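So you can see what is in the structure, the chains are spelled out below.
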Amino acid sequence: MLTIKNLHAEVDGKKILKGINLEIRKGEMHAIMGPNGSGKSSLSSVLAGRENYTVTEGEVIFEGKNLLDLSPEDRAREGLFLAFQYPVEIPGVSNLHFLKTALNEIRTYHNLPPLESKEFLKLTKEKQQLVDFNANLMNRSLNEGFSGGEKKRNEVFQLAMLDPKLAILDETDSGLDIDALRIVAAGVNKLRNADKAFMVITHYQRLLEYIVPDFVHVLYNGQIVKTGTKELALELEEKGYDWLKEEVHQKESV
Amino acid sequence: MTSDKSFYEFISNGVPGPEQKVDADNAIMPARKLAFSRFKELGLPTIKTEEWRYTNVQRFLKDAFTLAQEEQATVTPDQLKAANIPQLDSYRIVLVNGRLQADLSELPTGGKITVSKLSDAAGNAQLQAWFDKHPHLQSQPFAALNAALFADGLFIEAGVNATLDKPLQIIHVYTASANAFIQPRHLVVLHKSATLEIIESAVGLNDSAIAFVNAVTEVVLEENAELWHYNIQSTIKNSRHIYHTSATQKADSRYHHFNFTLPSAELTRNNLSVALTGSNTETNLHGLYLATGSQHVDNHTFVDHLVPNCNSNELYKGVLLDDANGVFTGKIHVHQDAQKTNAFQQNNNLLMSEKANINSQPQLEIYADDVKCSHGFTVGRFSEESLFYLRSRGIGEEAAKSLLVNAFAFDITDQVHIPALQDFLAEKIRQYVAGAINN
Numbered sequence: 001m002l003t004i005k006n007l008h009a010e011v012d013g014k015k016i017l018k019g020i021n022l023e024i025r026k027g028e029m030h031a032i033m034g035p036n037g038s039g040k041s042s043l044s045s046v047l048a049g050r051e052n053y054t055v056t057e058g059e060v061i062f063e064g065k066n067l068l069d070l071s072p073e074d075r076a077r078e079g080l081f082l083a084f085q086y087p088v089e090i091p092g093v094s095n096l097h098f099l100k101t102a103l104n105e106i107r108t109y110h111n112l113p114p115l116e117s118k119e120f121l122k123l124t125k126e127k128q129q130l131v132d133f134n135a136n137l138m139n140r141s142l143n144e145g146f147s148g149g150e151k152k153r154n155e156v157f158q159l160a161m162l163d164p165k166l167a168i169l170d171e172t173d174s175g176l177d178i179d180a181l182r183i184v185a186a187g188v189n190k191l192r193n194a195d196k197a198f199m200v201i202t203h204y205q206r207l208l209e210y211i212v213p214d215f216v217h218v219l220y221n222g223q224i225v226k227t228g229t230k231e232l233a234l235e236l237e238e239k240g241y242d243w244l245k246e247e248v249h250q251k252e253s254v
Numbered sequence: 001m002t003s004d005k006s007f008y009e010f011i012s013n014g015v016p017g018p019e020q021k022v023d024a025d026n027a028i029m030p031a032r033k034l035a036f037s038r039f040k041e042l043g044l045p046t047i048k049t050e051e052w053r054y055t056n057v058q059r060f061l062k063d064a065f066t067l068a069q070e071e072q073a074t075v076t077p078d079q080l081k082a083a084n085i086p087q088l089d090s091y092r093i094v095l096v097n098g099r100l101q102a103d104l105s106e107l108p109t110g111g112k113i114t115v116s117k118l119s120d121a122a123g124n125a126q127l128q129a130w131f132d133k134h135p136h137l138q139s140q141p142f143a144a145l146n147a148a149l150f151a152d153g154l155f156i157e158a159g160v161n162a163t164l165d166k167p168l169q170i171i172h173v174y175t176a177s178a179n180a181f182i183q184p185r186h187l188v189v190l191h192k193s194a195t196l197e198i199i200e201s202a203v204g205l206n207d208s209a210i211a212f213v214n215a216v217t218e219v220v221l222e223e224n225a226e227l228w229h230y231n232i233q234s235t236i237k238n239s240r241h242i243y244h245t246s247a248t249q250k251a252d253s254r255y256h257h258f259n260f261t262l263p264s265a266e267l268t269r270n271n272l273s274v275a276l277t278g279s280n281t282e283t284n285l286h287g288l289y290l291a292t293g294s295q296h297v298d299n300h301t302f303v304d305h306l307v308p309n310c311n312s313n314e315l316y317k318g319v320l321l322d323d324a325n326g327v328f329t330g331k332i333h334v335h336q337d338a339q340k341t342n343a344f345q346q347n348n349n350l351l352m353s354e355k356a357n358i359n360s361q362p363q364l365e366i367y368a369d370d371v372k373c374s375h376g377f378t379v380g381r382f383s384e385e386s387l388f389y390l391r392s393r394g395i396g397e398e399a400a401k402s403l404l405v406n407a408f409a410f411d412i413t414d415q416v417h418i419p420a421l422q423d424f425l426a427e428k429i430r431q432y433v434a435g436a437i438n439n
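Chains as they are written, first to last, in the working numbering: chain Z, 1 to 254; chain R, 1 to 439.
Hints listed in this document are in silico derivations from the structure and should not be mistaken for laboratory results.
The structure presented is a predicted model; accordingly, all values stated were derived computationally and were not measured.
Backbone N, C-alpha and C define an ideal beta-carbon position, used for all residues, glycine too.
Accuracy of the hints is not assured; some may be wrong.
As the list claims (entries may be wrong) - Derived contacts from chain R toward chain Z, CB cut-off under 8 angstroms, selection only: (1) Phe388; (2) Ile395; (3) Ala399; (4) Ala407; (5) Phe408.
Stated by the list, open to error - Only some residues are given here: those of chain R computed to face chain Z with a beta carbon under 7 angstroms: (6) Glu385; (7) Arg391; (8) Ser392; (9) Arg393; (10) Gly394; (11) Phe410.
Kindly generate the complete structure, drawing on both the sequences and the hints.
Following this line, the structure appears as structure tokens:
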């Protein structure tokens, strides 16, 4: 589904990603871990098409298409979804109107007619119940005055509504208490299926107790320095990142 | 006093003077003559005139104009479609160059609200009492010129406790086969406890000649009267507009005024002023200007707190695209006697192009000590993060930008009390933003 080859990127002339290689197949759950400043969020930004990042080398193939050639909206229309670490508040745009616009723009891209209001509302209700999103927030302005937890749940609700092929969750656990974390994780788990893939970016192992990954990758200094299974996350929880950093530096000096 | 000799000379000596005007019983002839000498004395403003610093009106007056307006320009119902507001149920008053067209209008009947031609009502006691009396008009050259030589306009009078079951839509049609200087004049009087909703729309029919509109509307709210006054300014490219709207509010009255200035007149200068002469009044001034191309939009507002215990609240928001130029001047004058005044003013702007420009200046003059007053001004560009968020959900750049502009305008449109008008404005904003992006 997604193939990242030797991806290098920089922001304001500063090298952030220094040769990422990663293969994600459908149905898989990948966790990206790593210490602060290792490039985790940058990777998600580059994939989603944030404009202040410049790709200097490498390629990303998503469902057979060169992802880096596409505008952010076309990446979304092709089935990529980024759950933001800091969802934006947009006063004056209602949550429902926003979702309807997004859904219909995606449908138009695939030569599908826009959803009738009735169908849209039915879908909304179904997904809102599935991921346990408060119906009272639907008519409110997008994320305006939402608590941290409500914002993250709204990201998962949008994910459910837009039904992407690949969802990237960027530190979705940050700022959540344990109850909110459980609800968000339960929502994500309900959306897992054999056709959909996930890339979960997190600093802590805690989230991975609820969303169990097939693979865990450790990003450090713009590169994936170690790949393993869920046990790797436990090891990191126990030992921290320092031993890995040392390993990397030893390799470099050899 | 004058620098544009040609237009000033033309008006002073080249056209039939006020003594040639025939209103009913010539009842306002003295007022016309007074106004004419006032105009001659004031002269035309230049950019050295403080109130016209950022609007060089001279360059819009260079063309040769005629004051002779087509008495019977033919307008078909089809041509009025441009002013159509879908789903709006309203009475309709159609004016062509300021002249009431009874056959195209649907006036309220049998109630306490009367609509007539100003020229026919010249002898009316209310008109005699109020015509050209507003204090803020006395120093305004274009208002004086209008009073002296206006062609015709509307006189709307709502009796004590009068109310209407639906809004009154006034459709101003401006048409000229040769460059014309068009001067409509209106007076709206709401007697004690009357309430009314007025929606003004403008239609331009011909862009081969320039229509320069110099219009004045005086509004009088007697005790406890309430007026919702929406002004939608959208006309053809080749038109230029100077509006004066001057209201007088007596005790306990409520005035809600909205200016929506949309593409694509070359010049729009709004002079909106309110004199608060009775206590416990409420004044809400809302403005939204969305300018594209090389439009010049200038809003001058003046809230005059003369007596204690009045509340005024003003919010003007601007979206400037392309090479558009915006000006906002908000004056609040709180007189020494006007204790317990609440006066708030806010002007926010969104610049959507490098070449767009805004000049904004609040002018607060406060001579009372027990008051609450504030003002604020912001100018910003798009939040790139908001735009990226919307695009990352599959929403194209154009749709995302019109969503954000509509969101920016929401504080204003949300105050509109007529749902059909809210929808109409949202759709207009969408169209104009899309049009500007695709240009």
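Hint by hint, here is what the structure shows:
1. A least Cβ separation of about 6 angstroms between Phe388 (chain R) and chain Z falls short of the 8 angstroms threshold, and the interface hint therefore holds.
2. A least Cβ separation of about 5 angstroms between Ile395 (chain R) and chain Z falls short of the 8 angstroms threshold, and the interface hint therefore holds.
3. At its closest, the beta carbon of Ala399 (chain R) sits 6 angstroms from a beta carbon of chain Z; the interface hint therefore holds under the 8 angstroms criterion.
4. With its C-beta approaching chain Z no nearer than about 3 angstroms, Ala407 (chain R) sits inside the 8 angstroms limit, and its interface hint holds.
5. At its closest, the beta carbon of Phe408 (chain R) sits 7 angstroms from a beta carbon of chain Z; the interface hint therefore holds under the 8 angstroms criterion.
6. Here the hint on Glu385 (chain R) is kept, as its CB sits about 5 angstroms from the closest CB of chain Z, short of 7 angstroms.
7. Against a cut-off of 7 angstroms between C-beta atoms, the interface hint on Arg391 (chain R) holds, since the closest Cβ of chain Z lies about 4 angstroms away.
8. Proximity of Ser392 (chain R) to chain Z holds as hinted, the smallest CB-CB distance being about 5 angstroms (cut-off 7 angstroms).
9. Of the supplied interface hints, the one on Arg393 (chain R) holds, with its beta-carbon coming within about 4 angstroms of a beta-carbon of chain Z, less than 7 angstroms.
10. A least Cβ separation of about 4 angstroms between Gly394 (chain R) and chain Z falls short of the 7 angstroms threshold, and the interface hint therefore holds.
11. This hint holds: Phe410 (chain R) has a C-beta 3 angstroms from the nearest C-beta of chain Z, less than the 7 angstroms allowed.
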